[in-house]
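Residue numbers (the numbering used here), protein chains in the order written: chain X, 1 to 295; chain F, 1 to 274.
In case anyone wonders, no lab produced these hints; they're calculated from the structure.
Model, not experiment: these values are computed from the prediction.
Glycine residues also receive a C-beta, built at the ideal position from the N, C-alpha and C atoms.
Hints may contain errors.
Claimed, not checked - Stretch-level coverage of chain X by chain F, calculated; a stretch enters the list once three of its residues show a Cβ under 8 Å from a Cβ in chain F:
id	stretch
1	171-183
2	202-208
3	231-242
4	249-262
5	266-278
To be verified - Footprint (simulated), chain F over chain X, 3 or more residues, beta carbon under 8 Å:
id	stretch
6	53-67
7	189-198
Spelled out from the first residue to the last, the chains are:
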Amino acid sequence: MKNKVTSRERSEFIWGWIFILPTMLGLFILNIYPMIDTVRQSFYKTGDFGKGNIFVGLKNYEKVMGDTEVWQALWNTIKYAIVEVPASIVIALLLAVLLNKKLKGREVFRTILFLPMVVAPAAIAMVWKWLYNSNFGLINNLFHIKVNWISDPNIAIFSIAVIGIWSVIGYNMVLFLAGLQEVPHDYYEAASLDGANGWQQLIHITIPLISPTIFFVLVTRIIAAMQVFDLIYMMIDLNNPAWKKTESLVFLFYKYSFEQSKKGYGATVVVVLLAVIMLLTVLQLIGQRKWVHYE
Amino acid sequence: MKKTVSYVFIYIVLVLISITMLVPFVWMVLTAFKTTAETMQIDPFVLVPHVWQTQNFSNVIKAVDFARLYANTLGMIFLRIVFAIVTATLSGYAFARLNFKGKNLMFAVVLIQMMVPVQIFIIPQYVMVSKLHMTNSIMGLVFPGVVSAFGTFLMRQAFLQLPHDLEEAARLDGCNIPQTFFHIMAPLTRSSMVALGIFTAVFAYKDLMWPMIVCPDNRATTLASALAKMNAQYQQKYPELMMAALISCVPMIVIYIIFQKQFIEGIATSGGKL
Numbered sequence: 001m002k003n004k005v006t007s008r009e010r011s012e013f014i015w016g017w018i019f020i021l022p023t024m025l026g027l028f029i030l031n032i033y034p035m036i037d038t039v040r041q042s043f044y045k046t047g048d049f050g051k052g053n054i055f056v057g058l059k060n061y062e063k064v065m066g067d068t069e070v071w072q073a074l075w076n077t078i079k080y081a082i083v084e085v086p087a088s089i090v091i092a093l094l095l096a097v098l099l100n101k102k103l104k105g106r107e108v109f110r111t112i113l114f115l116p117m118v119v120a121p122a123a124i125a126m127v128w129k130w131l132y133n134s135n136f137g138l139i140n141n142l143f144h145i146k147v148n149w150i151s152d153p154n155i156a157i158f159s160i161a162v163i164g165i166w167s168v169i170g171y172n173m174v175l176f177l178a179g180l181q182e183v184p185h186d187y188y189e190a191a192s193l194d195g196a197n198g199w200q201q202l203i204h205i206t207i208p209l210i211s212p213t214i215f216f217v218l219v220t221r222i223i224a225a226m227q228v229f230d231l232i233y234m235m236i237d238l239n240n241p242a243w244k245k246t247e248s249l250v251f252l253f254y255k256y257s258f259e260q261s262k263k264g265y266g267a268t269v270v271v272v273l274l275a276v277i278m279l280l281t282v283l284q285l286i287g288q289r290k291w292v293h294y295e
Numbered sequence: 001m002k003k004t005v006s007y008v009f010i011y012i013v014l015v016l017i018s019i020t021m022l023v024p025f026v027w028m029v030l031t032a033f034k035t036t037a038e039t040m041q042i043d044p045f046v047l048v049p050h051v052w053q054t055q056n057f058s059n060v061i062k063a064v065d066f067a068r069l070y071a072n073t074l075g076m077i078f079l080r081i082v083f084a085i086v087t088a089t090l091s092g093y094a095f096a097r098l099n100f101k102g103k104n105l106m107f108a109v110v111l112i113q114m115m116v117p118v119q120i121f122i123i124p125q126y127v128m129v130s131k132l133h134m135t136n137s138i139m140g141l142v143f144p145g146v147v148s149a150f151g152t153f154l155m156r157q158a159f160l161q162l163p164h165d166l167e168e169a170a171r172l173d174g175c176n177i178p179q180t181f182f183h184i185m186a187p188l189t190r191s192s193m194v195a196l197g198i199f200t201a202v203f204a205y206k207d208l209m210w211p212m213i214v215c216p217d218n219r220a221t222t223l224a225s226a227l228a229k230m231n232a233q234y235q236q237k238y239p240e241l242m243m244a245a246l247i248s249c250v251p252m253i254v255i256y257i258i259f260q261k262q263f264i265e266g267i268a269t270s271g272g273k274l
């Protein structure tokens, strides 16, 4: 009997490793080694034309600290996230609450709201760039205004954040709808009997009960928003007067690493991005104790 | 009475938001069939084209080889789906149902990959692709997607939810581990495999930076990356640009509308990875 148990254990060990081998091999080659290599490269200056890389220690990081373009890009990214994340969460949550009722056409609304998720951001950005066009765009001509949505340095990043919101509310809403399925119906009935109106029910029942979902969406949306690239890359050309006020950290990473071939400096920027994202995530994990209720 | 009022209010809100969601798509279609002159006219502002310019379509496909772009994009999507489903189903099963030394450490590696911003992998991945002479090829496009940490996580969840008695029964009937996996367990996770496939397809189709980097050549690249190039070249020629955007998103939208339930569930399980 004892022998049998050990042979089962041995076979689980062998097959377990065989089953995970392709995935682990791939992850080590494609992700773990690159992660270490990116950090290593951030200590090097990329040599010109095959001259080899030069170890510069913390010089790249010192340069980042004094680089106003990097600080501006970080600030642009944060401005984008500060608008996109809360607005997309609030709108999506309200829509999810409205759609969580027995409504005719519920499926149709859900399908329409989710639609931007299946369209390439490249195509979305092209359409919005055209909608935002100062002279011939639909928005300015429909409302008879003259706003330079994407060339005014003061508002361009917020115009781009609007596209981000438009793109992602359907997705957030679907996650919230899934969370709302878990809220027991009798809670609302009891609240109605006590005379609570819809708004009070939202604040005192719905939000506390789905706070784990809200927290999850918040954390993942902030991570995604901090990596904004596609929309900005597509909307802003280099002769746009707003480009310094719109380029994000990932945009800078792309520009340094692949347009200017300064891979060492590009690697430094992406390590900074990783640090910022980790910091924001840790802060949220600490802050969640104050407002997230787990059953 | 009060209930009717609140329902009317809900419908008004939902209809207004739905219109906001649809306007960009409608405007894309309308512009795609206008003349350039019509798009540059503001007094009066032209909403609907006078004559629907189907010529824009032939102009755009003459200038850009969309058949080729579709072949590249679909080829990349197909290979990524196959690789992701095969590797993730195997590893997901092992992580969920087998006990072996080193399992927790290896699963930590999977989680780390999921938590780190993808840009941190891109420079070394690009260097590998160029050393392997795979730039401007389908394999170059597929490269970072041959395994899937997220897929492993998703399939592990799927296997964790299956009842234990099934495996016990199979074992008592003399099935060994691979037999149990292939004949009993894997077929039961089909819906998660579909979700992973849809997620992989949408993710690959939307990605912009990787195809721009590894496949700068117009004949080797994907729809998204070709659109970015056109966007830079066709300044102000909005009918052509909108036609190109339309050509590259209509098939995906049609597939989405047919399989919307699977799409929404498949993408919703991705948990913020899009």
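Quick rundown of the hints versus the structure:
Remark: the stretch 171-183 of chain X is confirmed as covered by chain F, as 4 of its residues place a Cβ nearer than 8 Å to a Cβ of that chain, reaching the required three. With 0 residues carrying a beta carbon less than 8 Å from a beta carbon of chain F, the stretch 202-208 of chain X misses the three-residue requirement, and the given coverage is violated. Remark: the stretch 231-242 of chain X is confirmed as covered by chain F, as 3 of its residues place a Cβ nearer than 8 Å to a Cβ of that chain, reaching the required three. As drawn, the stretch 249-262 of chain X meets chain F at 5 residues by the rule of a beta-carbon pair under 8 Å; at three or more, the given contact holds.
Coverage of a stretch by a chain is defined here by at least three residues with a beta carbon nearer than 8 Å to that chain's beta carbons; for the stretch 266-278 of chain X and chain F the count is 7, and the condition holds. Coverage of the stretch 53-67 of chain X by chain F is violated in this model, with 0 residues showing a Cβ closer than 8 Å to a Cβ of that chain against a need of three. A stretch counts as covered by a chain when three or more of its residues have a beta carbon under 8 Å from one of that chain; for the stretch 189-198 of chain X and chain F the count is 1, and the coverage is violated.
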